[in-house]
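Visitor: Listed below are the residues making up each chain.
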Amino acid sequence: MSEETTHFGFKTVRSEEKAAKVADVFHSVAAKYDLMNDLMSAGIHRLWKRVTIELAGVRQGQTIVDIAGGTGDLTAKFSRLVGPDGTVVLADINASMLNVGRDKLTDSGLIGNIHYLQADAQYLPLPDESVDLITIAFGLRNVTDKSLALASMQRVLKPGGKLLVLEFSKPTNPLLARVYDGYSFSVLPKLGQLFAGDADSYQYLAESIRMHPDQETLKAMMNEAGFERCDYQNMTGGIVALHSGVKPA
Amino acid sequence: MISATLGNFLEQLSQTLPARDPNGLKLSQLAVASATNRLQALVDLALSEAPVTRHQLSQLDDGTLAISVTEPTVEVHLSVIENRLNLQVYTTQEHTEQATRSRAQLTGSASALGALMGGEQKHSFAGSGVAATGDLAWLGQFNALLANIDIDWGGILARPFGDVAGHILAKGAKAAVEHGRRTLERSATNAVEVLQQEWQWLPTRASTEKFDRQLLELRRGADRLQAKIDYTLRQRQRDQSEQN
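Heads up: the protein sequence lines correspond to chains A and B, in order. What the first sequence shows, in the numbering used here, is residues 1 to 249, in sequence order. What the second sequence shows, in the numbering used here, is residues 1001 to 1244, in sequence order.
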């Protein structure tokens, strides 16, 4: 693949087109995003996020950025954990997702320490060394240039700050991989069509997961971006992996 | 042929069965993180009801006290940030570099550190089995602050139960904690006494060794007797067969 092209699912598109195409997908699914997450994962995504929150080790007064925060699942929890002296920034490139997240959090009474930011993860509009923790849950695979995004995150983290990447990955068991493939390409688009009226977006979801770097590759990319103590933990047999890295102090 | 096919099938099956994933969820790490988060929530709750301690914390210079437990290997970081106290627990060696950057360090075994923290306030670490390094003046101020922490339990309990019930519950809880502490101390003393008394009834090392030697001699004597009986029986059988 040349430098000017990138993946959009299994298709190869020009780099500058990917963001718009991904935006179309999420504009389309934003309204039913939470419902579809529960349906597609049978609710397990809540456990994956719970593990992420526990391992984040958030403390009062910290500044946290939840990139590709979508409908604000992680932000809601972080907002309570950092308390009134802390700050949580819910960042998403997609205005529709951000609107859904903002409405949901405001309706839950979570106001005061949450800020909303429509931003591209590759070019975070935040000062250097200003953030204690960055999380990006199920968002990195949609980013056009992942290395650029990781470098941008590394820049805004304070020394000793932590990055947590929760993302679909490669199942470690061949049998599970076969079952998962069948589910992703046969059941997922049909679920999307049935409940969200959009099969194409969920077809893209399945394809984008397959094109995302596997566990070891992403770990190497984090190392290259300047993170240290990079590690990952597989969940649900590697369907999802939680990568972590720390900015050198 | 059949066994080869079966073996092939079993091999293929074993490859598809889930093996232990070395990169699977590290449950011990998750458990430590969860426990630390819950403990931090308790510290936050306690500080929210201890305005004097919060004020004293804000007067104290920011810094981290690293408590390195040698057995088992655990590192606890208590960080003073403005008027907050942040807690982190690490079980790996990777945080040693952070410990060296901390303002003060306490190093010792779990029992030595536990005895230091659970016992009376001490003015010296000499003979305690705990080594203290770094900014000891800051450590002294931090220690005094923690020792004098005064949590308004009545205030905490008044919120869900009301003022009167909260006051009664707090009084009861304080009495229960005090009773528990005394019982624990008494239990420890009693346990030591029981051990000392029972110890007197146990045989000494010399008498155990003597008994062991006597037992060995008895076993050898029994073996010799058995051999003699066997020999006599064989001799008798031989005599009888010659007579016949």
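Just so you know, the hints here were simulated from the structure itself, not pulled from any lab data. C-beta: ideal position from N, C-alpha, C; glycine also. Among the clues, some could well be false.
[Claimed, not checked] Distance windows between CB atoms, simulated:
1. ASN223(A) with VAL1074(B): 22 to 30 Å
2. ALA1176(B) with PRO213(A): 27 to 35 Å
3. ALA1041(B) with LEU148(A): 18 to 26 Å
4. GLU228(A) with ASP1163(B): 47 to 55 Å
5. ASP1061(B) with VAL187(A): 54 to 62 Å
6. LEU194(A) with LYS1174(B): 22 to 30 Å
Visitor: None of the hints should be skipped; say for each whether it holds.
Guide: Here is how each hint holds up against the structure:
no.: 1; hint: ASN223(A) with VAL1074(B): 22 to 30 Å; in the structure: holds, 27 Å
no.: 2; hint: ALA1176(B) with PRO213(A): 27 to 35 Å; in the structure: violated, 56 Å
no.: 3; hint: ALA1041(B) with LEU148(A): 18 to 26 Å; in the structure: violated, 37 Å
no.: 4; hint: GLU228(A) with ASP1163(B): 47 to 55 Å; in the structure: holds, 52 Å
no.: 5; hint: ASP1061(B) with VAL187(A): 54 to 62 Å; in the structure: holds, 59 Å
no.: 6; hint: LEU194(A) with LYS1174(B): 22 to 30 Å; in the structure: violated, 59 Å
The structure fails hints 2, 3 and 6 (numbered hints given earlier, in ascending order).
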